[in-house]
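Listed here are the chains, written in short residue letters.
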Amino acid sequence: NAGVTQTPKFRVLKTGQSMTLLCAQDMNHEYMYWYRQDPGMGLRLIHYSVGEGTTAKGEVPDGYNVSRLKKQNFLLGLESAAPSQTSVYFCASRSPTGGPGYEQYFGPGTRLTVT
Amino acid sequence: EDQVTQSPEALRLQEGESSSLNCSYTVSGLRGLFWYRQDPGKGPEFLFTLYSAGEEKEKERLKATLTKKESFLHITAPKPEDSATYLCAVRAAGGTSYGKLTFGQGTILTVHP
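As given, the protein sequences belong to chains Y and U, one line each in that order. Counting in our numbering, the first sequence tops out at residue 115, every number present. Counting in our numbering, the second sequence tops out at residue 113, every number present.
Derived from the structure by calculation, the hints contain no laboratory data. Among these hints, one or two may not hold up.
As the list claims (entries may be wrong) - So the derived list for chain U, only partly shown, Cβ under 10 Å to chain Y, looks like this: (1) Val4; (2) Pro8; (3) Leu11; (4) Ser18; (5) Phe46; (6) Ala53; (7) Glu56; (8) Tyr98; (9) Phe103.
C-beta: ideal position from N, C-alpha, C; glycine also.
The task is simple: from the sequences and hints, build the whole structure.
This is the structure:
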């Protein structure tokens, strides 16, 4: 049981390049989330999904797109990377009813640098 | 707008020196207050969920408490392995963001041997 995994772990992009971050979970969770973490700002929600085929915007969605074609996978895309998107990206998942605290389980993160 | 403020930003303790971390929050109806631990280069790891004022939860040297305006994470006789960033988050009632958490900026705890 791997929990939540993210690929890649590190990536360097040039301004204007595109890339996709992959999140996979093997806990059969319905809900999945993408966050970014920046120094002094805490974790901020980018997009989320409440089930296969459904996505919604979080608090900082601009410049990102997502897709949830399979229940276990949640993809985060950057179509044209900008230096302001340099950050550490975390994926999380949870069950809508499972877990005593409805807690979210986080992946190990992807460190993205845009030059 | 939901807000979470953690203090202090950084805390240095000697091994065995007990202390507390603070999480102040404003939210329109609290559905849960969460504490996470985050080690360098890793994702947040769930510690506790608190639901109502007066509730307390313990795990090893950690004890979390909740009032109507803030939560405390008490660390008793800390060890160097307790060094990490501790994150607080709240989940508000209602809304359309299912399970959306609002996080504080974290407290960096360093415990010296």
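The hints, checked one at a time:
1. Checking Val4 (chain U) against chain Y by beta carbon gives a least distance of about 7 Å; that is within 10 Å, so the hint holds.
2. With its C-beta approaching chain Y no nearer than about 13 Å, Pro8 (chain U) sits outside the 10 Å limit, and its interface hint is violated.
3. Using the Cβ-Cβ criterion of 10 Å, the hint placing Leu11 (chain U) at the interface with chain Y is not satisfied: the shortest such distance is roughly 16 Å.
4. Because the closest C-beta pair between Ser18 (chain U) and chain Y is about 25 Å apart, greater than 10 Å, the hint is violated.
5. Evaluation of the Phe46 (chain U) hint against chain Y yields a held restraint, the C-beta minimum of about 4 Å falling below 10 Å.
6. Checking Ala53 (chain U) against chain Y: minimum C-beta separation of about 17 Å lies over 10 Å; hint violated.
7. Because the smallest distance between the Cβ of Glu56 (chain U) and any Cβ of chain Y comes to about 14 Å, over 10 Å, the interface hint for this residue is violated.
8. Restraint check, Tyr98 (chain U) versus chain Y: the minimum CB separation of about 5 Å is within 10 Å; hint holds.
9. A distance limit of 10 Å between C-beta atoms decides the matter here; for Phe103 (chain U) the minimum to chain Y is near 4 Å, and the interface restraint holds.
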